[in-house]
Amino acid sequence: FEEKTREAIGASTRVFTEPRTRNTIPQWIVELIKAKNRARRRAHRTGDPADRREANRLTNEVRYSLSDFRNQQWENKLESLTTEDNSLWKMAKALRNDRKPLPPIHGTAGLVYTDEEKAEAFADSLELQCRTNEANADLDHVDEIEQFARNV
2 FEEKTREAIG ASTRVFTEPR TRNTIPQWIV ELIKAKNRAR RRAHRTGDPA DRREANRLTN
62 EVRYSLSDFR NQQWENKLES LTTEDNSLWK MAKALRNDRK PLPPIHGTAG LVYTDEEKAE
122 AFADSLELQC RTNEANADLD HVDEIEQFAR NV
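Going by the numbering used here, the letters in the sequence shown line up with residues 2 to 153, in that order.
Simulated from the structure, these hints should not be mistaken for laboratory data. Hints are supplied without guarantee of correctness; some may be wrong.
Said to hold, decoys possible - Simulated restraints, written as ranges between beta carbons of each label pair:
| hint | residue 1 | residue 2 | range |
| --- | --- | --- | --- |
| 1 | N61 | Q130 | 56 to 62 Å |
| 2 | Q130 | W75 | 45 to 51 Å |
| 3 | Y114 | K5 | 20 to 26 Å |
| 4 | D69 | L89 | 21 to 27 Å |
| 5 | R132 | V16 | 14 to 20 Å |
No residue lacks a Cβ here, since even glycine has one placed at the ideal position from N, Cα and C.
Construct the entire structure; sequences and hints are all you get.
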């Protein structure tokens, strides 16, 4: 049962990895960010107005550089879209639809993270949902039906 549950989860679950934006930033912007951080630390350490002005100037420069870089990336992406490979329609659909975050999976001991824990949580949940309700059952009638089923 657990194996089938794992297979069903694997077949119906998409793996989504967030893009790593840190690696796609050009090296000159990374160096600018490092210089900004050094200037910010120096301004905090010394309290000198000239150091504070330099830190603020570098902060604005980083902000505008990142904004220009992201705008350029977006323009490149939009220019690469075509109707021949349906990339234009896929992008339009992706922009129209809001992705709803999947709720976390709660097991008996709290949140579960590994595949095995998830399968066990699903198995426990199904076991609780698919139990027979014996509280209101006529036990004599149940025995009679079970006996009839064995004889058939």
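Taking the hints in turn, this is what the structure says about them:
1. N61 with Q130: 56 to 62 Å: holds (57 Å)
2. Q130 with W75: 45 to 51 Å: holds (46 Å)
3. Y114 with K5: 20 to 26 Å: holds (21 Å)
4. D69 with L89: 21 to 27 Å: holds (25 Å)
5. R132 with V16: 14 to 20 Å: With Cβ atoms ~33 Å apart, the hint is violated.
In summary, the structure is inconsistent with hint 5 from the numbered list given earlier, while agreeing with all the others.
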